[in-house]
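S.K.: Spelled out, the chains give:
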Amino acid sequence: MSREVAILGFHDGSAGQIETWFEQVTGYRIACFVHEAETFEVDAAAENKKRVSQRTEFPRGDTFKGRPFILSPDWIGEIERRGIRKVLPLTPNNRERLKQIELCRARGIELISAIHPSVTLLADARIGPGVWINAGGIIGYKAEIASGVLLNTGVRIDHHNVLEECCQADPGVVTAGFVALRKCCQVHTGAVVINRIEIGEDAIIGAGAVVIRNIPPRCTAVGVPARVIRG
Amino acid sequence: MSREVAILGFHDGSAGQIETWFEQVTGYRIACFVHEAETFEVDAAAENKKRVSQRTEFPRGDTFKGRPFILSPDWIGEIERRGIRKVLPLTPNNRERLKQIELCRARGIELISAIHPSVTLLADARIGPGVWINAGGIIGYKAEIASGVLLNTGVRIDHHNVLEECCQADPGVVTAGFVALRKCCQVHTGAVVINRIEIGEDAIIGAGAVVIRNIPPRCTAVGVPARVIRG
Amino acid sequence: MSREVAILGFHDGSAGQIETWFEQVTGYRIACFVHEAETFEVDAAAENKKRVSQRTEFPRGDTFKGRPFILSPDWIGEIERRGIRKVLPLTPNNRERLKQIELCRARGIELISAIHPSVTLLADARIGPGVWINAGGIIGYKAEIASGVLLNTGVRIDHHNVLEECCQADPGVVTAGFVALRKCCQVHTGAVVINRIEIGEDAIIGAGAVVIRNIPPRCTAVGVPARVIRG
Chain Y
1 MSREVAILGF
11 HDGSAGQIET
21 WFEQVTGYRI
31 ACFVHEAETF
41 EVDAAAENKK
51 RVSQRTEFPR
61 GDTFKGRPFI
71 LSPDWIGEIE
81 RRGIRKVLPL
91 TPNNRERLKQ
101 IELCRARGIE
111 LISAIHPSVT
121 LLADARIGPG
131 VWINAGGIIG
141 YKAEIASGVL
151 LNTGVRIDHH
161 NVLEECCQAD
171 PGVVTAGFVA
181 LRKCCQVHTG
191 AVVINRIEIG
201 EDAIIGAGAV
211 VIRNIPPRCT
221 AVGVPARVIR
231 G
Chain H
1 MSREVAILGF
11 HDGSAGQIET
21 WFEQVTGYRI
31 ACFVHEAETF
41 EVDAAAENKK
51 RVSQRTEFPR
61 GDTFKGRPFI
71 LSPDWIGEIE
81 RRGIRKVLPL
91 TPNNRERLKQ
101 IELCRARGIE
111 LISAIHPSVT
121 LLADARIGPG
131 VWINAGGIIG
141 YKAEIASGVL
151 LNTGVRIDHH
161 NVLEECCQAD
171 PGVVTAGFVA
181 LRKCCQVHTG
191 AVVINRIEIG
201 EDAIIGAGAV
211 VIRNIPPRCT
221 AVGVPARVIR
231 G
Chain C
1 MSREVAILGF
11 HDGSAGQIET
21 WFEQVTGYRI
31 ACFVHEAETF
41 EVDAAAENKK
51 RVSQRTEFPR
61 GDTFKGRPFI
71 LSPDWIGEIE
81 RRGIRKVLPL
91 TPNNRERLKQ
101 IELCRARGIE
111 LISAIHPSVT
121 LLADARIGPG
131 VWINAGGIIG
141 YKAEIASGVL
151 LNTGVRIDHH
161 NVLEECCQAD
171 PGVVTAGFVA
181 LRKCCQVHTG
191 AVVINRIEIG
201 EDAIIGAGAV
211 VIRNIPPRCT
221 AVGVPARVIR
231 G
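Chains as they are written, first to last, in the numbering used here: chain Y, 1 to 231; chain H, 1 to 231; chain C, 1 to 231.
It is possible that part of the hints are untrue.
Note that identical chains are pooled: a pair holds if it fits in a single copy or bridges any two copies.
What the hints assert, rightly or not - Okay, derived cross-link-like pairs now, DSSO-like style, lysine-lysine, Cα gap no bigger than 30 Å in a straight line:
1) K183 - K49
2) K183 - K99
3) K183 - K50
These are computed hints drawn from the structure, not numbers from a lab.
All figures in this text were calculated on a predicted structure; none of them were measured in a lab.
Start from the sequences and build out the full structure, keeping to the hints where you can.
M.R.: Here you go:
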């Protein structure tokens, strides 16, 4: 069975940094990076000028980080033609990532997870497949993390949480017990969610918000305590 | 000397999850779970329907997690009759837990701590006995953690903190240096306490609060900065 | 080459606690503690009475923690006379520490870092020299941490951050990607900074603040979201 994996996405803070530890930790091999689009052009020097760090890497032509870079609306056909049957889904947009995962399922492509070795998984947590958990994360007892979930640096997801497909938590997010993050919701940096709260499908929680009431689907909530401002 | 320990409490997020690592980490054996009450009845299916996770376990008859479940107002007599002389106190209510600890002392029952192996203890910290520190906690230099303290997932309790008996910090709480959490106070999820602050006995700090002034005993404080709303 | 290091500073929560692990972790030897001043007098008993913990240690005469304590405006002359050519800069005030570092450079004194073994450094991070990172910190991919930076317990500094000389983050600070902490700025306990934000030189961010806009130099900002209140 081939150990080649296609990584969906190329952002240097997610797909890019994974390139430094994924192969060593999982035993898989990164066959290529993938961007689902017709065209891609970036002026790396100009982009770096907009950032405080000058070290962001971007795809250049058909290469990213010394690996093949596949740019195609039919990326799945492209990887299949290369005999790649495994995908790590890191496309930042939650709905796009969900569509890509559904396509993988329809075509029998296996989803692969990337869990940093500094992550603490408590007993009976169910993870993935197709999940990214970055450095320092803690995943509580009996938590359930569905495919396509992205958990950034140092999140603490507590016991009996249910994280549905393609939701995303930014650095430093803390949830108490029995929290639900519904499909494709986004919880921004440093937000806190108390126990037994549900964040609805496609909802957005602002950075540093403290969520003490359920947030309906497709709403945006911010502040302490979090109040719905849109949706 | 017997290595049998009675665990006070049965909630799946604290006592329940400990069952998965306590014996391996400490070398003790869980003899039973204990609930100080005359009667206990729960409809597990109905309870699970109220929660986002369907995997919460509850005591059933005289058994919890395949171990004896002791339900009695005279629980200490019950465990003594079984020759158990050690207790890990995880009863969630802070005042109830304190009473149980005082009873253990009066009867010469030894208190046992449960510190997850992912916890970082800095030098000269004094812990327990009879303390729970869940995954990812950091306990600072010379911190003093008294018996009955419960520290949930990923707390950061800094140097020279004094945590008095049976106080409790929920997931993600951060304290700076020289903070006092007085007896039986409760600091909820993601709250932040700056240096040299005292949280009074039985005080309650709301989730995500940022405490920059001392909080008197028996008060409730919430918000950024934290303001007393009750007491 | 001598492995003797002079530690600038004597506060028990920073310099003091380092004494318990620095030698074992780095292989260096603590030759002395240094305070840049003409005189120093402290009534340790009175100071401890002001604190919740009674275990704070202070220099006494020419000794701190059983090591020589050098008290002199010409501390650099003093350490040079003893043949010490290495310094770990822990003076709490950011501007004072910067001046001391510049003096070390002018005199060819080497700066040494102290990184607690529980810290997670992601790939391609550039650290120091002359940096302190306390327990539980996470330093992201390609982060750049300049000399004199102090990062306290459990900070999460994310990918492509640029931390300039002598900035300081208190316990539990979280930054997202591409954040800049400019020279000598101070981010207090539990503050959160979203991605691509710049905190200006000498700016002060209050505890628990959530920074979602750039903060100009020399300003103080507090609250959720953070607003400039001074400067």
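S.K.: Against which earlier hints does the structure fall short, listed by number upward?
M.R.: none
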